[in-house]
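K.L.:
As a plain string of letters, each chain reads:
Protein chains: 2
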Amino acid sequence: MLKLHSMQSSGNSYKVRLLLAKLGRPFQLVDVDVLRGENRTPDFLMKNPEGRVPLLELPGGRFLAESNAILFHLAEGTPLLPAEAFSRAEVLRWMFFEQHSHEPAIAAARFWLKLVRGGRELRTHDVDRWMEEGYGALRIMERHLARRPFFVDDRLSIADIALYAHTHVAGEGEFDLATFPALNAWLARVAAAPGHVDIGWRPATARQMVSNI
Amino acid sequence: MLKLHSMQSSGNSYKVRLLLAKLGRPFQLVDVDVLRGENRTPDFLMKNPEGRVPLLELPGGRFLAESNAILFHLAEGTPLLPAEAFSRAEVLRWMFFEQHSHEPAIAAARFWLKLVRGGRELRTHDVDRWMEEGYGALRIMERHLARRPFFVDDRLSIADIALYAHTHVAGEGEFDLATFPALNAWLARVAAAPGHVDIGWRPATARQMVSNI
Chain A
1 MLKLHSMQSS
11 GNSYKVRLLL
21 AKLGRPFQLV
31 DVDVLRGENR
41 TPDFLMKNPE
51 GRVPLLELPG
61 GRFLAESNAI
71 LFHLAEGTPL
81 LPAEAFSRAE
91 VLRWMFFEQH
101 SHEPAIAAAR
111 FWLKLVRGGR
121 ELRTHDVDRW
131 MEEGYGALRI
141 MERHLARRPF
151 FVDDRLSIAD
161 IALYAHTHVA
171 GEGEFDLATF
181 PALNAWLARV
191 AAAPGHVDIG
201 WRPATARQMV
211 SNI
Chain B
1 MLKLHSMQSS
11 GNSYKVRLLL
21 AKLGRPFQLV
31 DVDVLRGENR
41 TPDFLMKNPE
51 GRVPLLELPG
61 GRFLAESNAI
71 LFHLAEGTPL
81 LPAEAFSRAE
91 VLRWMFFEQH
101 SHEPAIAAAR
111 FWLKLVRGGR
121 ELRTHDVDRW
131 MEEGYGALRI
141 MERHLARRPF
151 FVDDRLSIAD
161 IALYAHTHVA
171 GEGEFDLATF
181 PALNAWLARV
191 AAAPGHVDIG
201 WRPATARQMV
211 SNI
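Residue numbers (UniProt numbering), protein chains in the order written: chain A, 1 to 213; chain B, 1 to 213.
The shape of chain A in the complex, shown without the other chains (with noise of 0.2 Å):
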């Protein structure tokens, strides 16, 4: 069976446990507390060098980092992963555009106001610079959900899971989508969509945290 390594409270790391409940795959989940530094213990790096989560388990003892590289392997041959070929390159474009021009702004600010809530690394300049850039990525989606229901080809795809992970809790980084109409009905419309689980929905596999057994 599949084991997923991951944090409840991550957004990369919800965007599989929502691809794998809307595929109806099995999978174990393995909690790796990273606010308690379970993803920095020897056992945890010699399964990922980088020390992050998601990681995915693959029978055979295979490892799969970075979390939309799960998404783009899980969703290979499924509705939910075009089978043309630039419909493909461009739910990876949207897919690339989220790693580099969003998330590290959007989950950055999420993670640090939020979920650790401070603490002497968090400086006004970092904050500054989510601000203006998570602002610049919500921009350019509003521009691009305008004229369209989903990212790619007028469907729900990896494209849009990938997004809508931290999309959906920007506001607990201190984003206001208020301004942002199309992009709020696009978060709706994917919340609508056939099997659908929220970020706090959890296998019946799930595995206790190594640190409470």
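In short, the hints are calculated from the structure, not lab data. This list has only true hints and no planted wrong ones.
It does not matter which identical chain is used: a pair holds within one copy or between any two.
Straight-line C-alpha distance at most 20 Å; calculated SDA-like pairs for lysine to any residue:
hint: 1; residue 1: Lys47; residue 2: Met141
hint: 2; residue 1: Lys3; residue 2: Ala85
hint: 3; residue 1: Lys3; residue 2: Phe86
hint: 4; residue 1: Lys47; residue 2: Arg148
hint: 5; residue 1: Lys3; residue 2: Asn48
hint: 6; residue 1: Lys3; residue 2: Val34
hint: 7; residue 1: Lys3; residue 2: Phe44
hint: 8; residue 1: Lys47; residue 2: Phe86
hint: 9; residue 1: Lys47; residue 2: Ser101
hint: 10; residue 1: Lys114; residue 2: Met131
hint: 11; residue 1: Lys47; residue 2: Glu142
hint: 12; residue 1: Lys47; residue 2: Asp153
hint: 13; residue 1: Lys47; residue 2: Val34
hint: 14; residue 1: Lys114; residue 2: Asp126
hint: 15; residue 1: Lys47; residue 2: Gly61
hint: 16; residue 1: Lys47; residue 2: Arg147
hint: 17; residue 1: Lys3; residue 2: Ser87
hint: 18; residue 1: Lys47; residue 2: His144
Since this is a predicted model, take the numbers as computed values, not measurements.
Once you've looked at the hints, dock chain B against the given chain A.
P.N.:
Here is chain B on its own, set in the frame of chain A:
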């Protein structure tokens, strides 16, 4: 014919030129000088609302943004993108690493320190962050390459091309690569592979810069 909107000194643009040269695919090069703001003209923003290069223009007037999405699209069906599912996922894993954890630090340092050469936008805390994150990415690469000739499947792929583009000029962003032996051996290996061209190479079909016409 394919048309590539590109900046000659841009590592992200170089990736695509290098791949097209290796594949022997003819293309027209259109220079877009970001330093002169040619990416912010109304005409260019119609083509790519993000105002970024590289931008691939396909026959029929379709546009594809994001350097790594362009690489994946062009390499499909060629030896530079493996056919096996897990290998393809690993190629994407390293390409997402490049755009998330490598390029934002290593390319930014070179852009501001070498190409723009400072200015009021350059702040010490940005340089400190690029150094910390950039060296972190280089250490991940060094560790991976210590046991392998290339990033995936022991042969050159678009994962290597994506990572080579900014790494081989990291010194221009004041990164010191002297203590990364495996990474240096890999740089030499990529440069020695068949069909290699350097960052200054231009196809015969290059168009003069718009601002010089």
